[in-house]
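Asks: Dock chains B and C against the given chain A, drawing on the hints supplied.
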Amino acid sequence: MKVIALIAALMTGALLIYGTEEMPDWGDPNSPASSHVSPKYIQEATEKTATPNIVTAVLADYRSYDTMGEVVVVFTAGIGCILMLRKKRKGEGD
Amino acid sequence: MLEYIISKYNFWIYVILMMIGLYAMMGKRNFVKKLIGMNIFQSAIILFFVSTGVKAGATVPILSGHGHGHGHELIEVAKYINPLPHVLMLTAIVVSIATTGVALAVLILIYRRYNTLEEDEILKIRKDTGV
Amino acid sequence: MAEQFAALVIVVPLIASLFVPLIGWWKKELCYPWVVAVLVVPLISSLGVLNTVMTTGKFSYRLGGWAPPWGIEYMLDHLSAFVLVIVSFISLIVAIYAKKSVEDELPEKTVPFYTLFLLLVTGLLGIVITGDVFNLFVFLEISALSCYALIAIGEEGAPIAAFNYIIIGTIGACFYLLGVGYLYIATGSLNMADLANILPDLYHSKVILIAFAFFTVGVAVKAGLFPLHVWLPDAYCTAPSAVSALIAPLMTKVAAYVMIRVMFTVFQPHFSVDIVPVFAILGWLAVFAIFFGGIKALAQTDLKRMLVYIVVAEVGYIVIGVSVANRMGLTGAVLHIMNDAVMMACLFLVVGAIFYKTGTRDIHQLRYLNKKMPFTMAAFTITALSMVGIPPACGFFSKWYLILGSIEAGQWVWAATLLCSSLINAVLFFRVIECAYFKPMEPAYAHDGGTHEEIQRDEAPLTMLVPIVIMAAGVILLGLFSGNIISSVIQFAVPASF
Numbered sequence: 001m002k003v004i005a006l007i008a009a010l011m012t013g014a015l016l017i018y019g020t021e022e023m024p025d026w027g028d029p030n031s032p033a034s035s036h037v038s039p040k041y042i043q044e045a046t047e048k049t050a051t052p053n054i055v056t057a058v059l060a061d062y063r064s065y066d067t068m069g070e071v072v073v074v075f076t077a078g079i080g081c082i083l084m085l086r087k088k089r090k091g092e093g094d
Numbered sequence: 001m002l003e004y005i006i007s008k009y010n011f012w013i014y015v016i017l018m019m020i021g022l023y024a025m026m027g028k029r030n031f032v033k034k035l036i037g038m039n040i041f042q043s044a045i046i047l048f049f050v051s052t053g054v055k056a057g058a059t060v061p062i063l064s065g066h067g068h069g070h071g072h073e074l075i076e077v078a079k080y081i082n083p084l085p086h087v088l089m090l091t092a093i094v095v096s097i098a099t100t101g102v103a104l105a106v107l108i109l110i111y112r113r114y115n116t117l118e119e120d121e122i123l124k125i126r127k128d129t130g131v
Numbered sequence: 001m002a003e004q005f006a007a008l009v010i011v012v013p014l015i016a017s018l019f020v021p022l023i024g025w026w027k028k029e030l031c032y033p034w035v036v037a038v039l040v041v042p043l044i045s046s047l048g049v050l051n052t053v054m055t056t057g058k059f060s061y062r063l064g065g066w067a068p069p070w071g072i073e074y075m076l077d078h079l080s081a082f083v084l085v086i087v088s089f090i091s092l093i094v095a096i097y098a099k100k101s102v103e104d105e106l107p108e109k110t111v112p113f114y115t116l117f118l119l120l121v122t123g124l125l126g127i128v129i130t131g132d133v134f135n136l137f138v139f140l141e142i143s144a145l146s147c148y149a150l151i152a153i154g155e156e157g158a159p160i161a162a163f164n165y166i167i168i169g170t171i172g173a174c175f176y177l178l179g180v181g182y183l184y185i186a187t188g189s190l191n192m193a194d195l196a197n198i199l200p201d202l203y204h205s206k207v208i209l210i211a212f213a214f215f216t217v218g219v220a221v222k223a224g225l226f227p228l229h230v231w232l233p234d235a236y237c238t239a240p241s242a243v244s245a246l247i248a249p250l251m252t253k254v255a256a257y258v259m260i261r262v263m264f265t266v267f268q269p270h271f272s273v274d275i276v277p278v279f280a281i282l283g284w285l286a287v288f289a290i291f292f293g294g295i296k297a298l299a300q301t302d303l304k305r306m307l308v309y310i311v312v313a314e315v316g317y318i319v320i321g322v323s324v325a326n327r328m329g330l331t332g333a334v335l336h337i338m339n340d341a342v343m344m345a346c347l348f349l350v351v352g353a354i355f356y357k358t359g360t361r362d363i364h365q366l367r368y369l370n371k372k373m374p375f376t377m378a379a380f381t382i383t384a385l386s387m388v389g390i391p392p393a394c395g396f397f398s399k400w401y402l403i404l405g406s407i408e409a410g411q412w413v414w415a416a417t418l419l420c421s422s423l424i425n426a427v428l429f430f431r432v433i434e435c436a437y438f439k440p441m442e443p444a445y446a447h448d449g450g451t452h453e454e455i456q457r458d459e460a461p462l463t464m465l466v467p468i469v470i471m472a473a474g475v476i477l478l479g480l481f482s483g484n485i486i487s488s489v490i491q492f493a494v495p496a497s498f
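Chains as they are written, first to last, in our numbering: chain A, 1 to 94; chain B, 1 to 131; chain C, 1 to 498.
For reference, chain A alone in the conformation it holds in the complex (with noise of 0.2 Å):
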């Protein structure tokens, strides 16, 4: 089991490393990630939103649908703890 995940784990970080190869360098500001979509955000966003912390603005506003996901993650961990914890507690054991 144990050479299984570790040829496994060798495997998918060999994968990641082989589709680096093509990727921008690090820091570097005219990549796809930097050009394409985020522009945008820090030309606009404190215009359209009033917000000066740039992911405040995407974050509560452009991709508020997103937070809204993440808030409901984290009701579901908690209902989920409810549901499997709590019965045991009035009567120990079963």
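Check the hints yourself; a few may be wrong.
Facing chain B, according to a computed beta carbon distance under 7 Å, are these residues of chain A, among others [what the hints assert, rightly or not]:
hint, residue
1, K2
2, L6
3, A9
4, Y18
5, W26
6, P52
7, N53
8, D66
Keep in mind that the hints were calculated from the coordinates and are not lab data.
C-beta: ideal position from N, C-alpha, C; glycine also.
Replies: Just chains B and C, lined up with the frame of chain A:
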């Protein structure tokens, strides 16, 4: 070769972290160690995403002074790092915490039933009781 | 107005789930009617969405009004509207069914159960409707987290099955997220439609290749495709009846939907077929899945465990349909998403009802069940015939298209596998039906004068029986109307380039 590694060293670091996490998730026989492996894996991904947002010589994406009124002056994009990966990772961090929470709750259930978190011992108990 | 339907699909069950704990705190009994009433809304709105898509074509819904690559949008085309209807319909039926089963199996946990039930449905609907690859991850996690918790409260061994599911499911979700990250690095976008525009120029980039590989592995883990299915049997089998009836038909199908979405919308068919040899691999894995699932199912005496292995095999069907990558095959795959969801829901509902009434799921103890529970067993028989592929039932038609697709693609082994699996299914289900209908009386019974007349009819309660009968009727009706469904919806859901 060294040049190549240095120019993308952020990826190498995250790949190594990710391999450690993946190995722990699959290879370890203790449930808590598996869970820690899961956290390492998720942290590796978070590092990876955040490192993609970096621009050399740029600063945090908070615009002081560009408030109301004078929004027409063009903001120099290269001066601020990419905010989007940070936003995505704020969500991913919360998701990973929630997953860890649920997993810990499941571990409590397992511990209550078998009094151990070693996979081998649990398999032995289940074999002995014939389930 | 029609556009607002799209918003209601997610928002109503989401907000309603927040109210379930409050309602349960006030009056526990009100949770059930509340959940059933709430789940009617996504069904109506997704039917509205489907209607709009059929009359005016595909549209998108901008959340918060932000334009697509910057904000998040819903992507509503024939495929997503079709799967939305399936998901919302089956979740409504299972919700109606859940009442007695939950009271029996989880008497003190009804309130959090219904909350998580709604959240799970919300997550599944969200996966289907969204047009943003990262948003899909968020909803994937909502559905997965609620699924982990719901599985963990099942019978003996459930927490361990749930923990294994958490570990493997998280690997799947993280691989998906890595795929998103690599796509983002190469393109700078997260919107599916935008990605589909940018990607063709980058098809020969290694980054895209790796992104595609990680998407595929991540989704295959979630779908339980053959070598990655190890979490599935235990998790689905040990979960409470109502939970298995919801996740067994829906989770794997929604993952299959994501697979179709990623391979044919985000990436163009041209890439998935010509540049990467992914379909050859997936198709052969699916062949193994079908044989493995069928043979493992033959070895089981627990009815539910048998069905769970059939789920593994059924995933193979859909993947074969995707892998042949022609119009026939993909039509079969999309049709099979619907048919299999309905058939699996019906079978799991029946098993839950049998377990509720008799307390056992052992095939050999089903004797005289046709006398005790005639309607339930009739529904089971109809669905079993459909699984085997007897014509008027729906299972025949999707299999027909899948086989035609495989032959068209020249994959004779795949077509033969599909035929073989019909035989395996025939053996599997005939074994159960034989036990329930024709098993000769044991001498001990005969001496006691135990005759057929003395066996009391002991049918499942109405809240269970009605959903079962609806699903069984659905199996027949969907078969009769599958021509209409294909001509009015599915043929538009298949990419035009085929």
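Asks: With reference to the structure, classify each hint as holding or not holding.
Replies: The hints, checked one at a time:
no.: 1; hint: K2; verdict: holds, 4 Å
no.: 2; hint: L6; verdict: holds, 6 Å
no.: 3; hint: A9; verdict: holds, 4 Å
no.: 4; hint: Y18; verdict: violated, 10 Å
no.: 5; hint: W26; verdict: holds, 5 Å
no.: 6; hint: P52; verdict: holds, 5 Å
no.: 7; hint: N53; verdict: holds, 5 Å
no.: 8; hint: D66; verdict: holds, 5 Å
Going through the hint list in order, the structure does not satisfy hint 4, though it satisfies all others.
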